[in-house]
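Modelling step: build the complete structure from the supplied sequences, incorporating the hints.
Note that the protein sequences, when read in sequence, are chains A and B.
In this text, residue positions in the first sequence follow the UniProt record's numbering: the first is 1, and each later residue adds one.
In this text, residue positions in the second sequence follow the UniProt record's numbering: the first is 1, and each later residue adds one.
Hints are supplied without guarantee of correctness; some may be wrong.
Which copy? The list can't say, so a pair holds if one copy fits it or any two copies do.
Simulated pairs of lysine to aspartate or glutamate, EDC-like, Cα-Cα distance not exceeding 20 Å [unchecked claim]:
| no. | residue 1 | residue 2 |
| --- | --- | --- |
| 1 | K77 | E24 |
| 2 | K77 | D100 |
| 3 | K77 | D106 |
| 4 | K77 | D110 |
| 5 | K77 | D94 |
| 6 | K77 | E125 |
| 7 | K77 | E60 |
| 8 | K77 | E115 |
| 9 | K77 | E48 |
| 10 | K77 | E66 |
Just so you know, the hints here were simulated from the structure itself, not pulled from any lab data.
Protein chains: 2
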Amino acid sequence: MSDLLERLRRRGWRMTAQRRVVAEVLDGEHVHLTADEVLARAAARLPEISRATVYNALGELVLLGEVREVATDGRAKRYDPNAHRSHHHLVCSDCGTIRDVHPGGDPLADLPASERFGFTVSGAELTYRGRCPDCAART
Amino acid sequence: MSDLLERLRRRGWRMTAQRRVVAEVLDGEHVHLTADEVLARAAARLPEISRATVYNALGELVLLGEVREVATDGRAKRYDPNAHRSHHHLVCSDCGTIRDVHPGGDPLADLPASERFGFTVSGAELTYRGRCPDCAART
DNA sequence: TCCTACGATGGACGAATTCCAAGTCAATAC
DNA sequence: GTATTGACTTGGAATTCGTCCATCGTAGGA
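This is the structure:
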């Protein structure tokens, strides 16, 4: 679908079998996987891939700005392949599922200079919390 | 200053020496401490207090809504005693320092029903990221 | 094809947090 | 004041998530 692989190659990202598989996993699934889930899916295609390699690759994709890291509470970080369109997240407080949302409004514009305490503000993350329909049904 | 202890007692929170010390630490400092920092300050008054006890007490204070848990990336969670006045956070991406901020706007109102995916949305957290003056000066 | 720097490996390590079984104690009842 | 009891505390083990490191392998240029 997307040209993630192609983009990476153009940017000079050294392409190995392992890195390709990690990128393909992220590219294929438009959900928010944990590092462990990425490892599991990658290992399905390339059984000898190592956990450290997956962490390395994910870390570089984050640095390259191709993937966003989403920290939710005490749980494992999740990796969001949809780094290009600006969006925020809706997290289920029971199961940790994440959905992308596009609220109106501009959080950055809502923070006046008097509330910035001399910080150089570079961005804002908005996280909505709630229970997903599945968890609500399971009551 | 505050009546945190009094409130807790009224709510039937069983008061032990350990719990009192943890509550006093949070009540005294209006900063955002990690569990370890709470332990250190508590141990200064009650040397034999155990780490597990601090975690237990913090967990209950969070459940009671007296303290907010603030997860910042891969670092240790921080505990915010200012749970009663609604506010958001400005985090230094270098040193992890947190400041309370009060932006205008209402994130919840900005999320239309069509973007809620059947979730029961209970709240929104807004986290601004940037560099604090100290870290910027240190360049 | 050959080189070589960069990537992969996996096991050890580390930080933060939770779990557990046994001992202790605050609050209530008498 | 004493007895009672269920809730709280303890500390060490266990878990979870992630990083480090020395060694081995290989992608991609010459």
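These are the hints, each one checked on the structure:
1. K77 <-> E24: within (19 Å within a copy, 32 Å between copies)
2. K77 <-> D100: within (16 Å within a copy, 24 Å between copies)
3. K77 <-> D106: Answer is neither; intra-copy 25 Å and inter-copy 27 Å both fail.
4. K77 <-> D110: neither (28 Å within a copy, 26 Å between copies)
5. K77 <-> D94: This pair counts as both: shortest intra-copy Cα distance 16 Å, inter-copy 18 Å.
6. K77 <-> E125: both (15 Å within a copy, 17 Å between copies)
7. K77 <-> E60: Cα proximity of K77 and E60: one copy only (15 Å, versus 24 Å across).
8. K77 <-> E115: neither (29 Å within a copy, 23 Å between copies)
9. K77 <-> E48: neither (23 Å within a copy, 34 Å between copies)
10. K77 <-> E66: Within one copy only: 16 Å inside a chain, 26 Å across chains, cut-off 20 Å.
Checked against the numbered hints listed earlier, the structure breaks hints 3, 4, 8 and 9; every other hint is satisfied.
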